[in-house]
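Q: Generate coordinates for the entire structure from the input sequences, incorporating the hints supplied.
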Amino acid sequence: MNNNIILLVVILFSSLFIVFELWAFMQTYNSFKVNLKEGIEVLDLRRLKFQKYIKDFKKNYEDDEYERRFENFKASLKEIAQLNKLEGRTVFGLTKFSDMSKQEFVEQMLLTPTDKRIDIVSDCTQHEHGPLREDSVLFNDRYQNQEPPENFDWRNTKDVIKEVLNQRRCRGCWAFSIVGVIESMSVIQKGDKEHLSIQELLDCSEYNEGCDGGSVSTAMDYIYTNRTPFVPDEQYPLTLAAVRVCKLPANATGRRVKEYLFQRNVDEHIIVKRVAFHGPLVVAVDATNWMNYIGGVIQRACWSGISNHVVQLIGYVGYETRNKSVIPHYILKNSYGEDFGENGYVRISMYNNTCGIKDEVTMLSVY
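The opening residue of the sequence shown carries number 1 in UniProt numbering; numbering runs sequentially from there.
Bear in mind the hints are in silico, worked out from the structure with no lab data behind them.
Remember, predicted model here, so these are calculated numbers, not experimental data.
Among the clues, some could well be false.
[Claimed, not checked] Okay, derived cross-link-like pairs now, DSSO-like style, lysine-lysine, Cα gap no bigger than 30 Å in a straight line: (1) K85 - K102; (2) K193 - K162; (3) K273 - K258.
[What the hints assert, rightly or not] Simulated restraints, written as ranges between beta carbons of each label pair: (4) K102 - N323: 33 to 39 Å; (5) F57 - V243: 44 to 50 Å; (6) K49 - Y143: 49 to 55 Å; (7) D159 - T225: 28 to 34 Å; (8) E147 - T225: 32 to 38 Å; (9) K49 - V243: 36 to 42 Å.
No residue lacks a Cβ here, since even glycine has one placed at the ideal position from N, Cα and C.
A: Written as structure tokens, this is what we have:
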């Protein structure tokens, strides 16, 4: 009798154990099915987003390229979410570059990084070129005691800022920005509204590599030392040619750089005054995370110290403002075309050396 009871108890517990194991298995299986379904749905959603992206940005891939671009697209979606979380708001989204890998973007759209921290000293290590006359436009800090306006934008002064150009896969941002500022200063100082030749600088600048990269300081030294005349763009049109052949005639005439000031580690209050009282500036920045920039003020997703892109600083908003709803920021004219960022422009925050805005700053005058 006792043995029968024991046997029944064993059978009962065994049955309960089997039931429990079966229940646990069904829970695991159902969870697996849900996760699998969610995974498939997420994958399908990304596929749908990618199809819309292809249509919106008018992309066209070879059959063997599609999956690679889709993988890049998924990586961009992940980075966009991370960067927007870092910013605390939407600044990044899908762009014409979102189907590129990060490596492709860096190699095709940015310069080889230079470490700007090596030779930055306490305040304004600088290269100064040109006769240091008492009436020098650059070196006589005639506006040091003036207070700049809270907001300033050279686009509001007729003809000073030309249309945004597209460097495409040419890593010639340094030439686009230098010539852009020369054009702007030609309007401000001489009333000359001509488009000047970027291709001339890409082809002729010594010790630079055209569409394979270049340095602002090296290019400015070449321009000043050789008294280079910048001919109109129509005489020396933009081709973005891979092979450099300088076609500037020996007797060429055109606008020239009278003097320039290239500085490192410039105080941002001085930068603001130079923009407001002198003109647009050439600045080197870190644009590593600009691949998916769609608009707004970049505050956190950008670092100082490494220079890999050159742009024009053409204005600012909110200098010493008391309006807490305004993020003080700079306005940068980029060279990725009007279909990038804010109609070709990028905004970055003021005061914190965002993107290394103060690490390399160049101002110039013309004659």
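Q: Look at each hint and say if it fits the structure.
A: Tested hints:
1. This hinted pair checks out: K85 and K102 have alpha carbons roughly 19 Å apart, not beyond 30 Å.
2. Taken as a hint, the K193 and K162 pair is honoured in the structure, with Cα atoms around 9 Å apart against an allowance of 30 Å.
3. The hinted pair formed by K273 and K258 meets the criterion: a straight-line CA distance of about 21 Å does not exceed 30 Å.
4. At about 36 Å, the beta-carbon gap between K102 and N323 stays in the expected band of 33 to 39 Å.
5. Between F57 and V243 the Cβ separation comes to about 30 Å, which falls outside the hinted range of 44 to 50 Å.
6. As the Cβ distance of K49 to Y143 is approximately 50 Å, the hint placing it in 49 to 55 Å holds.
7. Range check, D159 to T225: about 29 Å between beta-carbon atoms, so the 28 to 34 Å window is met.
8. Taken as a hint, the range 32 to 38 Å holds for the pair E147 and T225, whose Cβ atoms sit roughly 37 Å apart.
9. In this structure the supplied range 36 to 42 Å holds for K49 paired with V243, their Cβ-Cβ distance being about 40 Å.
Of the hints listed earlier, the one the structure fails to meet is number 5.
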